[in-house]
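*Asks:* Sequence:
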Amino acid sequence: MKKFKFLTVLCAIALFSVACSDDDNDTDGGPTANFESQVYASNNSNGNIERYDRSESGEVTSATLVTLSLDAEGIYYDAATDQVTQASRTLFQLNTYSDIALANDGANVELELSSSADLESPRDIAVSANGDLYVVSDNADVDGNTSTDDGRLYVYTRNGNSFALRNTITVDFAVWGIEFVGNDLFVVVDKTSDIAVFTNFEATYTADATETPNKRITIEGITRTHGIAFDGGTMILTDIGDASSDTDGGFHIITNFQSKFDAVNDGGTMAVQDNQVRVAGSATFLGNPVSADYDAEANEVFIAERANGGGRILSFTNVETGGNIGPNMNATLSGASSVYFYKQ
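Note that the sequence shown covers residues 31 to 374 in the numbering used here.
Keep in mind that the hints were calculated from the coordinates and are not lab data. Be a bit skeptical, because a hint or two may be false.
Here are the simulated DSS-like pairs of lysine-lysine, each with C-alpha atoms no more than 27 angstroms apart in a straight line [to be verified]:
| # | residue 1 | residue 2 |
| --- | --- | --- |
| 1 | Lys221 | Lys245 |
| 2 | Lys245 | Lys290 |
| 3 | Lys221 | Lys290 |
Cβ pair distances, simulated, as ranges [to be verified]:
| # | residue 1 | residue 2 | range |
| --- | --- | --- | --- |
| 4 | Asn189 | Ser312 | 29 to 39 angstroms |
| 5 | Val294 | Ala239 | 23 to 33 angstroms |
| 6 | Thr111 | Gly174 | 15 to 25 angstroms |
| 7 | Thr111 | Ser275 | 33 to 43 angstroms |
Ideal Cβ positions, reconstructed from N, Cα and C, are used throughout, including at glycine.
Construct the complete structure from the given sequences, taking the supplied hints into account.
*Replies:* Put into structure tokens, the structure is as follows:
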């Protein structure tokens, strides 16, 4: 297995790399359960699942789990079933793989179930609180006119070991990251600094249709947002800045998000002052942060960084003051596209 350490000194971060060596806690070369939390990642380079096992002592080991896909975006880990679901950009479907948490580095993980091949250009997955609704954002051009922005939300129901496409929602804006907050689905409006919400999503938007969100607002200070994550009342939104730059990215932390969002009128702007904290700068390794997750208990932000160094999985702690802070976890992952955090 590959091993690396959490880094506390900035100069050490700059020299960080993932070294290949045996797991000190594993004398027979197999997996162990000695982890406090795990980070799962998808990528555009080979479509495999990357799993990072994190111990209480701060040691992190990683394992590459081989999938059927050659390119994947969106990732979700279900601890109750020990399964990971990805959206495949080569097979154009949802794929769920089983026996994930303790799988060996290099293992070919078992395909448990797949959806029909409906997708065109999937970007993210959001799963409802009850675990039976899987929504996939897809940024393929809908009307064939590249001068108009549009996108789709594919809505799947899961019943045991089967996915069924319930309905498809078309919107008049490009989409990227999506996140459930309670029963409401928040959607990143790609190519802008906007986010939109569809309230009471599962019960309301049940038919194939073109729909308008209940509300759409602008997030001041962001150039172009992609990643979105929510936990414990705090929303994380990433900013990829100029897509051609691998150094101008950042992310925003919005505490008490729902009350702040509710206070902005439809079509209005959420100001930075008194509402948001921004993390960005040369020490962050952020260029095109395309996906995010968040652990409110530890106040830790996880980022899939697509451009800097060819791709990285990063985490940041002590982010409440914002600024040009270095990551405490910095793992190179070519083509990193999505990230998901799980804690035991």
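*Asks:* Against this structure, judge whether each hint is valid.
*Replies:* Hint-by-hint comparison with the structure:
no.: 1; hint: Lys221 - Lys245; verdict: holds, 17 angstroms
no.: 2; hint: Lys245 - Lys290; verdict: holds, 13 angstroms
no.: 3; hint: Lys221 - Lys290; verdict: holds, 23 angstroms
no.: 4; hint: Asn189 - Ser312: 29 to 39 angstroms; verdict: violated, 49 angstroms
no.: 5; hint: Val294 - Ala239: 23 to 33 angstroms; verdict: holds, 26 angstroms
no.: 6; hint: Thr111 - Gly174: 15 to 25 angstroms; verdict: violated, 39 angstroms
no.: 7; hint: Thr111 - Ser275: 33 to 43 angstroms; verdict: holds, 40 angstroms
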